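Q: Sequence:
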Amino acid sequence: MKSTLKQMMLVHMVGNELAAQMALEIQDWLRKNGCISTIFQATKNTSLEADWDNVDMVLTLGGDGTLLGVARGVLEREIPVLGLNLGKVGFLTELSPEDWQGTLEDIVVGQYALSSRLVVSFKVFRHEQEFYQGYAVNDLVISCGSLARMIRLNMWYGRDHLGMVRADGMIVATPTGSSGYSISAGGPLIYPELDVFALTPICPFLHAFRPMILPFEDDLHVEVLEADSKVYLTQDGQTGVVLRTGDKVIASRAQKRLLLVRPLHSHYAHKLKSKGFIRES
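Per the numbering used here, the sequence shown runs over residues 7 to 287.
Incorrect hints may have been included.
As the list claims (entries may be wrong) - When the alpha-carbon atoms are kept at most 35 Å apart in a straight line, the in silico DSBU-like pairs for lysine-lysine are as follows:
#: 1; residue 1: LYS236; residue 2: LYS262
#: 2; residue 1: LYS12; residue 2: LYS38
#: 3; residue 1: LYS262; residue 2: LYS38
#: 4; residue 1: LYS94; residue 2: LYS277
#: 5; residue 1: LYS262; residue 2: LYS129
#: 6; residue 1: LYS50; residue 2: LYS12
Note that these hints are calculated values from the structure, not bench results.
Note that the structure is a prediction, hence the values are computed from the model and not measured.
Working from the sequences, and respecting the hints, build out all of it.
A: The structure is reproduced here in structure tokens:
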């Protein structure tokens, strides 16, 4: 059993009126239950510059995208993240707008578990000089631009040369992100607390490269060998940078881990079934 929550930060996107209304409702409920809370309105391009001192937990109000953006923002602070789903899928969120109160009653008194998730740390180099870096909670995607032309990538895992691949792109998915873009491209589901990643090609030429699961014990090096159009590096489907031929991406396991709040009644297999990833026959 965890300690009782004393202070919570509620985060929602600017312009989401439903989330703003629910944040006020939850803030009032928390106050009546002895928990201090602050509401922070985020934008897509803003950093989470708030007063995080003494914050025990952050609650996001929105979809999985809102949670991912906040998760990257609080990763260094190691603050547990809980999500209330106001989006479409809500695979990472644990609360619903219909019955959040019952679950939150347990959480504020310490009746919850923490799911420790691997996060990808990456750096991008051009002419041997680092020019971009960041974190990816779900996935890191290298893909072709608007023109339907393949790119050619050279990949190393530690000292192991994985090969040179022609494809529309490559996905580096964490276990958390294995149920996202990666599975749509033919990648596997991965149990969320494992320290591995999926390397999933996007439409590889002649199916010459199959999805792989690798332990994050070594760095992954990906070099753009050829590109006839723009190449994009995208983190969690939200932000990123344009790559050029010769650019190198080095991905590794981040030192910090994402802490997702899990109600005691929530289980991974049940969520897979409820979201349609597993259909019993």
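Q: Indicate, hint by hint, whether the structure satisfies it.
A: Taking the hints in turn, this is what the structure says about them:
1. LYS236 to LYS262: Satisfied, since the Cα-Cα distance of roughly 32 Å is no more than 35 Å.
2. LYS12 to LYS38: With Cα atoms ~12 Å apart, LYS12 and LYS38 stay inside 35 Å; holds.
3. LYS262 to LYS38: 34 Å, holds
4. LYS94 to LYS277: Judged against 35 Å, a Cα distance of about 14 Å means the pair holds.
5. LYS262 to LYS129: 16 Å, holds
6. LYS50 to LYS12: Holds. LYS50 to LYS12 sits at ~28 Å (cutoff 35 Å).
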